[in-house]
Structure formats: structure tokens, C-alpha cells
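> Chains as they are written, first to last, in the numbering used here: chain A, 33 to 359; chain B, 33 to 359.
No lab work stands behind these hints: they were computed from the structure.
Here a beta-carbon is modelled for each residue, glycine too, at the ideal position from N, C-alpha and C.
All clues given are correct.
Simulated DEER-style distance windows between Cβ atoms:
(1) A:T162 with B:A82: 27 to 37 Å
(2) B:T295 with A:V285: 42 to 52 Å
(3) A:S291 with B:A307: 57 to 67 Å
(4) A:E197 with B:E170: 42 to 52 Å
(5) B:R331 with A:E125: 47 to 57 Å
(6) B:E170 with A:A338: 46 to 56 Å
(7) A:R198 with B:G315: 53 to 63 Å
(8) B:N46 with A:L151: 27 to 37 Å
(9) B:A82 with A:E197: 25 to 35 Å
Here's a subset of chain B near chain A, in silico, CB distances under 8 Å, partners left out:
(10) R74
(11) V77
(12) H84
(13) G129
(14) Q132
(15) V133
(16) G138
Here is what each chain is made of, one letter per residue.
Number of protein chains: 2
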Amino acid sequence: MIDAPRIDALQYANWSRKVFEQMRAGGLDAVHVTIAYHESFREAVLNVEAWHRLFERHADLILHGRDVTDIDRARETGRTAILFGFQNPSPIEDDIGLLQVWHDLGLRVMQLTYNNQSLLASGCYEAEDTGLTRMGREVVAEMNRLGLLIDMSHSADRSTIEAAERSTRPIAITHANPATWHPARRNKSDAVIRAVTQAGGMLGFSLYPHHLKGGTACTLRDFCDMVARTAETYGVDRLGIGSDLCQDQPDSVVEWMRSGRWTKAVDYGEGSADAPGFPPQPGWFTDNRDVPGLAAGLRAVGFSAAETDAIMGGNWYRFFAEAFAPA
Amino acid sequence: MIDAPRIDALQYANWSRKVFEQMRAGGLDAVHVTIAYHESFREAVLNVEAWHRLFERHADLILHGRDVTDIDRARETGRTAILFGFQNPSPIEDDIGLLQVWHDLGLRVMQLTYNNQSLLASGCYEAEDTGLTRMGREVVAEMNRLGLLIDMSHSADRSTIEAAERSTRPIAITHANPATWHPARRNKSDAVIRAVTQAGGMLGFSLYPHHLKGGTACTLRDFCDMVARTAETYGVDRLGIGSDLCQDQPDSVVEWMRSGRWTKAVDYGEGSADAPGFPPQPGWFTDNRDVPGLAAGLRAVGFSAAETDAIMGGNWYRFFAEAFAPA
Chain A
33 MIDAPRIDAL QYANWSRKVF EQMRAGGLDA VHVTIAYHES FREAVLNVEA WHRLFERHAD
93 LILHGRDVTD IDRARETGRT AILFGFQNPS PIEDDIGLLQ VWHDLGLRVM QLTYNNQSLL
153 ASGCYEAEDT GLTRMGREVV AEMNRLGLLI DMSHSADRST IEAAERSTRP IAITHANPAT
213 WHPARRNKSD AVIRAVTQAG GMLGFSLYPH HLKGGTACTL RDFCDMVART AETYGVDRLG
273 IGSDLCQDQP DSVVEWMRSG RWTKAVDYGE GSADAPGFPP QPGWFTDNRD VPGLAAGLRA
333 VGFSAAETDA IMGGNWYRFF AEAFAPA
Chain B
33 MIDAPRIDAL QYANWSRKVF EQMRAGGLDA VHVTIAYHES FREAVLNVEA WHRLFERHAD
93 LILHGRDVTD IDRARETGRT AILFGFQNPS PIEDDIGLLQ VWHDLGLRVM QLTYNNQSLL
153 ASGCYEAEDT GLTRMGREVV AEMNRLGLLI DMSHSADRST IEAAERSTRP IAITHANPAT
213 WHPARRNKSD AVIRAVTQAG GMLGFSLYPH HLKGGTACTL RDFCDMVART AETYGVDRLG
273 IGSDLCQDQP DSVVEWMRSG RWTKAVDYGE GSADAPGFPP QPGWFTDNRD VPGLAAGLRA
333 VGFSAAETDA IMGGNWYRFF AEAFAPA
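Pulled out of the complex, with its shape left as it was, chain A reads as follows (with noise of 0.2 Å):
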């Protein structure tokens, strides 16, 4: 008997009917999708009719998710709410205005960088972190004057505790690991952790395989002792699941991911010239059907049904209440 919502706070999937009837199969009630990663604002708008016209098309297995009702409707009708967030704050270009623009057009959720330098703070793998900028610290007033979750996945430290600290309302890293399992650039330290956490912010688990000890080779037991240690640490209600799952995509996405059109050079990221694509998923976690899965494993290592349903869905459904209603 599953008491909450199941929620899944980041997805970057290839869609397709397959996978909306996969995250049914699984038992997702609301997912959490990229929408744009360096887009400009008209690139980003035509990745939303995209949208609509899977919305059309799909209409009997998922919604637009403006807010939780949105994921309440979904629940009572068999289908899953996507809530739509940007990676990179690519699409308000160098326009505050553009924000609410873009909370009317169903945007929920957005980083304020993605691996590099933007105009609003510093990304996880620039050399140096200078913070939130002029217009970073505006944008997050106006965030959260209008309900926007500000994400900060692929900052840097500093920026991201500005960030917890500077906001009136909780942030959110929707999908990361404590670097202290695995000391991935991407993972976060216990200081992010901490300052997110408890200003009463959340983190979701990533099932990406470079954020993994193992990388795909990771179990689904390591995994979920990761998570008992964490919820020892920051509390079983900060934590939620957001599986950076990219499944169906080509490689030519993640090259798309990583370098966008900042450099004429392949920026490798979290791969290598090696190993330059996707890596292959953890087999306890290649698509949608998998929820279920990962939610036994939780009850495996000693999560009670309830703090598995809380890490599940829960979680993010109380704090999604509070981020997305109007100041």
C-alpha cells in the first residue's frame, strides 16, 4: 500500500509513449523534466510546444504539472504529471522579466548554472566561484516571489550556499549524491548538504552512474545504505529521489549536455575521450519500471514503509506544496 506520490525530480528521457507507459508501469505520479540545458529563450518555447503536442497526444498517460493539485489529478486518473525545470538559466537570457513568462508557461524549477560560469552564479566545474552575481541575487527574489524552486545541482559550493542562504524560500539539489560516498565534481559536499538541508531544502539521489561508488557496476544495496546514512545525517524528510535518468537518448545528447555551443572543443564533463557517451545504467535502474525496485531496496536496508514512501514521493510532494505557491 503506497500512501504518497511517487516522484521522480529530474528526468531527461528520450520521450516517447514507451516511456510514459513505462513511468506508469512504475508507479510515478509526477516527474520532474529538463526542458532546456543551453537553449535561448525561442529554443527553449519550441522545446514547450514540443511539449504540448506530446500533452495531446499522450493525453491518457500524462499532464502538465503546474501545481501539486496537478499531481493529486494525476494520482486520481492514472497518470503522471510532468512539471517542466531548466538545467541552466539559458532561456531568461539577460531579461528578469522573462521569468514570469516563463512560471506562465508551467516552469517550476530552475538552476541558476550548469557545470560553467552564468550570468547568475558559478558552476561546479568553473575554477573559481565568485557566488550569486548582481543578477543572480535579483533572480532569486524574483524566483521566489513567483514560486520558481531554485535548483542548484551544478554549482559550485559557494554559489550554492549563497544561494540556501539568500533565498526566503527553501532550494533544492534535485539530483546529486553526498560526495562523501563518491567524490564526484558533481556530488555535493557536507557543507552544501547541510546548508540546503537545513534551511529546509532538499536533495535527491541520482541513479547517473558517474554519481554512483561503481559507477554502473554500483548495487542497489550500496545504494540504499547510502541513503540510510544520509537520512542519519540530514534527516529522512530532506531526501527525495531525482534520477538524472537519460534513457532512450543518443550520444549526441550528452555531447549536447556537456558542450552545448560555449566551446568548439568536446568538453568531456563527467566522461572521458575514453568513454565520451552515456554510461550504461546500473541493471537495478534502466527505465521506469524500476521505481518499485529501488523502493523494496529502501525497505531492505530498514526504511519503514513510511519513511520509504516519504523518500519516494512524499518528500517532494509536501516540499513542491510550498515552492510552487504563490508568495
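With chain A's structure known, arrange chain B on it following the hints.
This is chain B only, laid out in the frame that chain A set:
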């Protein structure tokens, strides 16, 4: 005692707190405002951003109206609901997917043409009227699906009649008068008004001097007599007001309306080289405070209180309720 909302179905003022205060003084519960004439997609988004700032700064006077429940809310809180419309389809460019994007941004009314040929239909100043184009027919269907009202105020006759016939929802001429009263290029033939109203559509009477018999010298009595005759011909329930009030605008704005970027010469439209600017309004309708006087004028020519309420907004309210409802 006013039993229906007071609605003006077309204004393009130089928006200011003064104008919004005058809307309140005149008792207007809703105004359909033009947010684009010749603007590209991005330029029209900038206009939306400017409106967002107006809604924030003047939240005690105005609110963004997305459906008739917002008009109810405006009445209950002593404010005016602002409904967005385009006079030209330029902000959808060549992309039908932008219609839903604009609907999400709060657009509720769009003219298929503005004087000239558009990608969708022929304007009333073209020598040839070829009716709806291929894209025009697709756009009519998509506007029907979304609940975007088709406005043919500046369109040519055949195009208007085809739109009325092809649209599955009633359409509107938000701002024009019968050509039988004053044969201006922008006023509408009996055949056009009949096609629109017999299909359940609406005609909004214009108070723009070029649309008035006698121009600026037209009297309130003359205008209201014309309304009475029009009601006898087409039925009182198909009529409303669309004042076309362009208050406080410099003459450079009427130049933009007429010439946009489509000509290097000056197009004088309804004006002339001798009188290229905005014509002076009749003394009895210079700003929104004159709305009650207009209602009194309708009573003076014999309309009952209920009929006056209907023409002054009740009809638009009933019509908008259906026009804006999702399919």
C-alpha cells in the same frame, strides 16, 4: 443599479495609473487591451513583461483576466480585469505551436489580419480578398481548440465570412460600426455583420472618430440611434462596446499601427496627409470616465435598463464565458 459587468472590448491607451483610475471611475469591470500590432514573437513577449510590471504596481486597480471568473473577481474586489489581445497575428510568426504558448501567457483574442494580407487571411485594405489561407484554416481550428476568440475587425469581407463559417465557435468584430451608417473602410457591411451575428458572434461598437458618422462631431444621440437601429436588425444580444480608445497616445503610435515595418512610405490608413494623427475624440467620450454617460445615452434612445446592461457588457460577459472555455 447595474446588474451586469461593464466591459470594453477594445482599448489601446498609453497605459498609466491615471488611465486605470479612470477605468475604475467609469465602472469598467473588464477591458480587452491590445498587446501587439506588428510585433514579432519576442517583441510581443516584451509587451507582456511590461503588463506584468503594471499588474504588480497597480494591483489595487487591475488584474490579469484569463476567463470570466477573473471578471467576477475584479467586480468583487473593485478592480478591472485586463484581457490580452493581438490586432494582428504577427506574434505567432509562422508557427502554429505559438498559439498555445500565447494562450498560456494569457492571450484570449487574436485578429487574423490587420488591414493587410497576413499569413492567415486578407485585411480590409487589400485590393484582393482571397479568404482564409491554408495556415489560416489551421489556425482557426487551433484557436477553436484552445478557446482563443477570433476577431475580424480589420479583415476583409470574404475572409471574415469564411472565418465565421469555418469556426466552430462564434467569432467577433470587437470594434467597428455598420457601414450602412457610415461607409468607412473599417466599418462592416450588412453581409458581414449578418454572417458573424447569425453564427452567434458579436459586434462591438467603435467610438474611434473615423468610424463615426460625422467623425469627431458625431453626437451621443447620433451614436445611440445607430446602436438602436443595429439592435433592431441583428438583435440586442449580439452587441457590445469596443471603443477603440487610444487615450494619451502620441501620433507616432498611430503611425506604427498603420505602417508598422511593412512600408518605407507613410500609410495614412483612415487618416490623410493633412490629418495624419489621431483624430480628436467626441467630447462625450474622451476617456473611461465617460462610460456611464454612454449607458445613459442608450437609455435615452429607449433601451431598457436590462438591454443597456447587456450592451454595456452583459453580452460580452456571456459571450466570453463560452469563447474562452476550453474545448
